[in-house]
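Q: First to last, the sequence lines map onto chains A and B. Sequential numbering of the first sequence, starting at 1, is according to this note's numbering. Sequential numbering of the second sequence, starting at 1, is according to this note's numbering.
Read the hints as simulated data drawn from the structure, not as lab findings. Source: prediction; values computed, not measured. We put the CB at the ideal spot given by N, CA and C, even for glycine. Hints may be right or wrong, so weigh each one.
[As the list claims (entries may be wrong)] In silico BS3-like links for lysine-lysine, alpha-carbon gap of 27 Å or less:
no.	chain 1	residue 1	chain 2	residue 2
1	A	K123	A	K200
2	B	K344	A	K194
3	A	K137	A	K228
4	B	K215	A	K200
5	A	K137	B	K344
6	A	K123	A	K137
7	A	K194	B	K224
8	B	K344	A	K123
9	A	K200	B	K345
10	A	K123	A	K228
11	B	K224	B	K138
12	A	K200	B	K344
13	A	K228	A	K216
14	A	K194	B	K345
15	A	K137	B	K138
16	B	K215	A	K61
17	A	K194	B	K215
18	B	K215	A	K79
19	B	K345	A	K123
[Claimed, not checked] Not close to chain B: a few residues of chain A, all C-beta gaps over 12 Å, as computed:
no.	residue
20	E80
21	N87
22	T106
23	I110
24	S168
25	R175
26	R225
[Said to hold, decoys possible] With beta-carbon atoms standing in for the labels, derived distance ranges:
no.	chain 1	residue 1	chain 2	residue 2	range
27	A	A117	B	D279	27 to 33 Å
28	A	N220	B	K132	56 to 62 Å
29	B	I123	A	E195	56 to 62 Å
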Amino acid sequence: MTLLSQVNQPPPPPPPTGASPLPAIIALGVGTVLVLATTLFVRLSVAGAGERLAKPQAPPKPAAVADNSEEKYCTPAFKEVLQRVLNSCGLGGEGRRGCQPADVKTFASIDDKDFVALFTPLKDRAGVLLFDENAEKLDPSAIQVLEDRWMDRRGARYFFVVARASRSGPPDINRALSHKRANSVFFHLQEQFKEPDLDKRVGLLWLGEEFAQLPKEYCNWQTSRADKPCTEDAINRSAFVSWVDCRL
Amino acid sequence: MRARAISIIVLCAAVLGLVFAIYSTYDYAQHLDRQMHVVHCSFIPGAPAAEEDNACKTALFSPYSAIFRQSFWGGIPISLFAVGAFSFFAAFGTYLLIAGQRARRAAYGFLGAAGFGPLLASIVMFSISAIKLHTFCKLCIGIYVSSIALAVAAVLAILQATQSESERRSPPAALLSVGWVAALGVASFLPAIIYAVSLPDYRPHLTSCGTIPLKVEAHNALLKIPTAHPVQPVTLFEDPLCPTCKAFHQRLVADDVLENLDVTLSLFPLDTACNWMLDRSLHPGACLLSAAILCSGPNARATLEWSYDNQDELRDAGKAGADFLKGKIAARFGPQIAACAVDKKTTVRLNQHLHYASDNHVPISTPQMFLGERRICEEDTDLGLKYTLGQLAPQVLR
Chain A
1 MTLLSQVNQP PPPPPPTGAS PLPAIIALGV GTVLVLATTL FVRLSVAGAG ERLAKPQAPP
61 KPAAVADNSE EKYCTPAFKE VLQRVLNSCG LGGEGRRGCQ PADVKTFASI DDKDFVALFT
121 PLKDRAGVLL FDENAEKLDP SAIQVLEDRW MDRRGARYFF VVARASRSGP PDINRALSHK
181 RANSVFFHLQ EQFKEPDLDK RVGLLWLGEE FAQLPKEYCN WQTSRADKPC TEDAINRSAF
241 VSWVDCRL
Chain B
1 MRARAISIIV LCAAVLGLVF AIYSTYDYAQ HLDRQMHVVH CSFIPGAPAA EEDNACKTAL
61 FSPYSAIFRQ SFWGGIPISL FAVGAFSFFA AFGTYLLIAG QRARRAAYGF LGAAGFGPLL
121 ASIVMFSISA IKLHTFCKLC IGIYVSSIAL AVAAVLAILQ ATQSESERRS PPAALLSVGW
181 VAALGVASFL PAIIYAVSLP DYRPHLTSCG TIPLKVEAHN ALLKIPTAHP VQPVTLFEDP
241 LCPTCKAFHQ RLVADDVLEN LDVTLSLFPL DTACNWMLDR SLHPGACLLS AAILCSGPNA
301 RATLEWSYDN QDELRDAGKA GADFLKGKIA ARFGPQIAAC AVDKKTTVRL NQHLHYASDN
361 HVPISTPQMF LGERRICEED TDLGLKYTLG QLAPQVLR
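If we strip away everything but chain A, and leave its shape as in the complex, we get:
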């Protein structure tokens, strides 16, 4: 039935042979509109970016800048003392000389206990190098602790060496002894690591027996003689070494 109806249908009209311009005109119009529209879109997009470039909508956020570390223990009081150490002990760039007890007493402007307390937060960062009585030579375990501490710099800028002597013996001898101990540390760093700017990074203080003696609790810190008995005299025959993570 379907086939019959198809057979009976008249043949489809042949495609017109005359060239009507209408489709071409419409297409030309569509094309023109599209190209102009997209071109206008491009023009506006670029111009908009140009305007934003000339007049930024929001001021650029200030970028964080790389700097030394600043830990929580860097209180204003702590930084004030450290700054005075830097200024007075030659780290400011005018030749290293270090600080002796009289200097520290003067510039620190705080009493012994408060001075020692400032360094308490450095417990996990510092090491206490212990010396034999009336000696300034670093033993192998002291060297080990010193080098470990030195190499664990992280973001710190300054390395502090605070040398002391116990109260046995005359103060002037002890002052000189603590000076030698500080120098032992410094010279070892100098020889071992050969760093060109050591003077500007290592702050040396020698306190003799006259200022800021360490209490016995410091025996619980990382010392170079953890396996030996530690007394109040022993802990003060020492050089306290630590990087300090404060921006100064």
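Go by the hints and put chain B onto chain A.
A: Frame of chain A; chain B shown alone:
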């Protein structure tokens, strides 16, 4: 029937391709303000822009997304030509649809040839995506699909043309074809020309990030990256696991710039395992990889490029843990390099790299490029790199 199908395929493909190309161009033009913007990346035209890094962003910031980069800041995006071409094909499809059986045989002949143009361009871009970028952007895929559809229409058009009777109507077929080619050319190039002439003057912005008189690294810890013809000293701050560093490195290579640079590399891993300047690790494992680069000695560049080439895998390894990443390093470079990477001396040297950054107070950002003392702005290390170098150090482009 076939004529109608051809016209509908051409029209649909052209409209779809046009929409994808417009979004791609729009995203590109947005970045001409030198700010960061979100980028559209969806198969659904008009879907919201994606916030996070995506393949479309990778493609946009790649060296292959635009041409004439040395002459124009950001270059002329390839998608602009697609906008013009698809506009033309949309109009051509309209013609075929309205003309129906009356469409000129020459029109099918023209479509049979020109319809492959977008496909050829798409094949080139697809190959670049596969070989160089290792990722496929959805907007690009939309354009590829549209191009394939146009090519299908072109095949059908060839069949249609061969089966049609020869025609002797005016104007002659050759003249018509020339006209269509000219129209295709105008449509393709006009948006690009308008884009180029509308671009603002970027020259004052190129020096807007100032200069930093970089201090000398006293320990000689920084890396010298060997290149073929070093004519321009540059200092780079890079992180081996940072995707933008990878893209930057690829751009330097693709633009034939790297071999002309005298590169001093300061590693700046954005990983709290060694970098104290961050409150959280952006790229865990970057410290260990940086250490491995330091341990590679004269092969440091090869190790850095290996890190970039395998960045996704190494980033996952870094997240899985230091031992896992160390295993990857050992597998590729041997146990000596892996052991060296965790050695204290290497840690100290890497620390010196980080202190070099902090001593010079450079921004906490990677990658960073210093042409001598001049800091190149971030936006000039991506879209505007070649233009910027052409302006500030033209010798590296010779």
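Q: Give a verdict on every hint.
A: For each hint, the structure was consulted:
no.: 1; hint: K123(A) <-> K200(A); verdict: holds, 24 Å
no.: 2; hint: K344(B) <-> K194(A); verdict: holds, 16 Å
no.: 3; hint: K137(A) <-> K228(A); verdict: holds, 17 Å
no.: 4; hint: K215(B) <-> K200(A); verdict: holds, 15 Å
no.: 5; hint: K137(A) <-> K344(B); verdict: holds, 25 Å
no.: 6; hint: K123(A) <-> K137(A); verdict: holds, 24 Å
no.: 7; hint: K194(A) <-> K224(B); verdict: holds, 22 Å
no.: 8; hint: K344(B) <-> K123(A); verdict: holds, 22 Å
no.: 9; hint: K200(A) <-> K345(B); verdict: holds, 21 Å
no.: 10; hint: K123(A) <-> K228(A); verdict: holds, 19 Å
no.: 11; hint: K224(B) <-> K138(B); verdict: violated, 39 Å
no.: 12; hint: K200(A) <-> K344(B); verdict: holds, 23 Å
no.: 13; hint: K228(A) <-> K216(A); verdict: holds, 14 Å
no.: 14; hint: K194(A) <-> K345(B); verdict: holds, 14 Å
no.: 15; hint: K137(A) <-> K138(B); verdict: violated, 70 Å
no.: 16; hint: K215(B) <-> K61(A); verdict: holds, 26 Å
no.: 17; hint: K194(A) <-> K215(B); verdict: holds, 19 Å
no.: 18; hint: K215(B) <-> K79(A); verdict: holds, 26 Å
no.: 19; hint: K345(B) <-> K123(A); verdict: holds, 24 Å
no.: 20; hint: E80; verdict: holds, 22 Å
no.: 21; hint: N87; verdict: holds, 20 Å
no.: 22; hint: T106; verdict: holds, 31 Å
no.: 23; hint: I110; verdict: holds, 28 Å
no.: 24; hint: S168; verdict: holds, 37 Å
no.: 25; hint: R175; verdict: holds, 33 Å
no.: 26; hint: R225; verdict: holds, 22 Å
no.: 27; hint: A117(A) <-> D279(B): 27 to 33 Å; verdict: holds, 28 Å
no.: 28; hint: N220(A) <-> K132(B): 56 to 62 Å; verdict: holds, 59 Å
no.: 29; hint: I123(B) <-> E195(A): 56 to 62 Å; verdict: holds, 58 Å
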